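**Student:** Chain residues, written in single-letter form:
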Amino acid sequence: FHLQEDIFREKNTTFFIQLSLMDKLLHNCPKEGHLHLILKSLMLANDREGISGPLDPSLIQRTDVLLVSPWLAPIVWEGTFNRDILNAQYRQKNFVVGVATFAVKKYVRFIEGFLGSANKFFLSGHRVNFYLFTDHPEKVPSINLAPEKRLFIIPVQNYSRWQDISMNRMDIISNHIHSHWRYEVDYLYSMDIDVQMFEHIGVEIIDTLVGTISSWQYTKPRDSNSYERHPESRAAIPHGEGDFYYAASFYGGSVSEVYKLTTACFKGVTEDRANGIEAKWHEESHLNKYLLYHKPTRLLSPEYYWDEELIRPRIIRVKRLSSVRKDLQEVRF
Amino acid sequence: MFICDLNQDLNSSHQRYSKAKTLSSGLWKSFLNLKSFLFSYFSFRMIYTKPQILKRSDVLMMTPWFAPIVWEGTYNSEILNEQFRQRNVTVGLTVFAIKKYVVFLKTFLETAETYFMVGHRVNYYIFTDRPEEVPKVALKEGRNVVVLQVQNYPRWQEISMRRMEMLSYFSQQRFINEVSYLVCVDVDMKFNDQVGVEILSDLFGTLHPGFYTAERRSFTYEHRPASQAYVPSDEGDFYYAGGFFGGTVTEVYKLTKKCHEAIMVDKANGIEAIWQEESHLNKYFLYHKPTKILSPEYLWDDNLGRPEILKKRRFLAVPKNHAAIRNK
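So the protein sequences, as listed, match chains V and H.
Numbers 1 to 333, taken from the working numbering, label the letters of the first sequence in order.
Numbers 1001 to 1328, taken from the working numbering, label the letters of the second sequence in order.
Please keep in mind that the hints were generated in silico from the structure rather than gathered at the bench.
Since this is a predicted model, take the numbers as computed values, not measurements.
Virtual Cβ for every residue (Gly too), placed ideally from N, Cα, C.
Be careful, since some hints might not be right.
Mimicking BS3-like on lysine-lysine, the simulated pairs with C-alpha atoms at most 27 Å apart in a straight line are [unchecked claim]:
1. 280(V) with 326(V)
2. 93(V) with 1258(H)
3. 1254(H) with 93(V)
4. 1257(H) with 93(V)
Far from chain H, by Cβ distances over 12 Å, these chain V residues were calculated [claimed, not checked]:
5. 183
6. 216
7. 226
8. 254
9. 277
10. 330
The shape of chain V in the complex, shown without the other chains:
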């Protein structure tokens, strides 16, 4: 197999990468024999909609990354799924997906790029409601959306501190689910506005509770610094605990699960504020605590939120969504 040879070659020349990836995601090379036989036996079904033919070679199992979490939640990587089968299953159910995103103060400049690329690449062909919260509704550019996509512009107040803008999103989302969205959508995703999509993001993201593995953190062992560790904070995760580090830039799930998540996280934020403490990575710290004790039913690989600052390693075969290059000092203040 092509795939196996590449891994062998890579193992020898990039030993240091292997060491760091080993802890979380890198498997040893597969043995011969059984893998070969099992793969040959995996011929994909035709659905009634009519996809026929032999196995698509890109769906040979990836052995360079972890495909399933220890609690048997699938981890979504390119080359592990067949979107045609998933679309056929999804279309029968007639779901509507909501996306909540916030463009406050200078972040309005990202709206056009976000909506333009999402219109093309996000759940293409399926019904999506974009809920755009902004303090400058007049600055939202007009964009021609595909017929099954709708845009709702919702005015929201800004705050002087960007950290507060970020953390209050949880509260706003929780309130809106309670008042409107539980009647309007089946699944809800929260996404950062300062991103662009380059590849299709489809129904493989739809599940009850979905978190994205952070592109900064996917190689680090459990003792990584990113969890909040001060016991005074509600987001604290003690040393020795933790599965993955999740990015707050893209998470979601069923409306009821996201409601529970955002309510719990914002409660943590509020209690921390009352105690004069702020978690290291703001609402992301609270999100990580929540997802540790309420494990996601599906995980998205860093393909689904890639930080543009980072060089893309080989295991990230496709960059579906990445942050837009920006000067953080300039845009936040």
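We have chain V; now place chain H onto it with these hints.
**Tutor:** Structure of chain H alone, referenced to chain V:
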């Protein structure tokens, strides 16, 4: 909150986690009330050793539609057990002991007590035409035997296929009110290793031990278009075993109802599928894909040997004399 140092081994972590468990089970009863949900969120912790990087690179771990394939070494029992304990799940295990097949019940039940869903609530549903011959087996706490009297049929093929009808009837009548999940297995088997909550999902099937390395063309699907179980020769994901399937009661009801209806249509057309209800099951799973698939560890026959890929043999065929047992 419990403070704990996780640089310890699995045994001591079990003690701490059972402490956390008793604290948690009361709290999770008021799950629906958001206020108490938030309270429980902040007091409850799950404590377990760090998930190992589960290194099975020799087997397929997930299907293209995101159904995990359950092999030893791909999951962490501690996490899964805790998740299912929180939900206070009851599992129904259905088994058919018709005519002479009652002789298998004793070993089946005794080994199930040792290995099946240990620590969780279980109802054994025993379908039999000879209720007085159901052996008394000592049961652990939270586990019950329910004997359901049903009719027998002269032919063993008929007995086998009528299981679908009986399962669909009782799912709707009874099981929906008593259990969250149904596990439907053959009786001429014994448990030999852990079969736990890692198998539970909305709809699951098991890879047939004789075909997990086979090419599609070798699968013994029903290939005659006249049968409702017909699968065209260029279609098919896996060959699933009729002896171990399950899911939520609703999903099992839909599956068994569909299969039973298909069997009756075939009967009216004077045709019987090549492997009886297993053929119909395979057709169903092709167009209603399972959300989880069990590896052949979960249904094995030692006559097939002990390949290296099989790290555990959890549920084994009991040797039997077909001529002596069937149709008697």
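**Student:** Any Cβ of chain H at or closer than 12 Å to residue 183(V), or is the non-interface label fine?
**Tutor:** Check passes; 18 Å lies beyond 12 Å.
**Student:** Could you check that no beta carbon of chain H comes within 12 Å of the beta carbon of residue 226(V)?
**Tutor:** 16 Å, holds
**Student:** Just checking, residue 330(V) versus chain H, shortest CB gap more than 12 Å?
**Tutor:** Holds, because the least Cβ-Cβ distance between residue 330(V) and chain H comes to about 38 Å, which exceeds 12 Å.
**Student:** Beyond 12 Å from every chain H Cβ: check whether that's true for residue 277(V).
**Tutor:** Correct as stated: the minimum Cβ-Cβ distance to chain H is 15 Å, above 12 Å.
**Student:** With a cut-off of 27 Å on the C-alpha distance, tell me whether residue 1257(H) and residue 93(V) pass.
**Tutor:** Given pair residue 1257(H), residue 93(V) holds - Cα atoms ~21 Å apart, limit 27 Å.
**Student:** Examine each Cβ of chain H, and state whether all of them lie more than 12 Å from the Cβ of residue 254(V).
**Tutor:** 14 Å, holds
**Student:** Keeping to a limit of 27 Å between CA atoms, is the pair of residue 280(V) and residue 326(V) held or broken?
**Tutor:** Since the Cα atoms of residue 280(V) and residue 326(V) sit roughly 22 Å apart, the hinted pair holds (cutoff 27 Å).
**Student:** Are the Cα atoms of residue 1254(H) and residue 93(V) separated by 27 Å or less?
**Tutor:** 16 Å, holds
**Student:** For the pair we were handed, residue 93(V) and residue 1258(H), check the Cα-Cα distance against 27 Å.
**Tutor:** 20 Å, holds
**Student:** Just checking, residue 216(V) versus chain H, shortest CB gap more than 12 Å?
**Tutor:** Holds, because the least Cβ-Cβ distance between residue 216(V) and chain H comes to about 19 Å, which exceeds 12 Å.
Hint violations for this structure: none, all hints satisfied.
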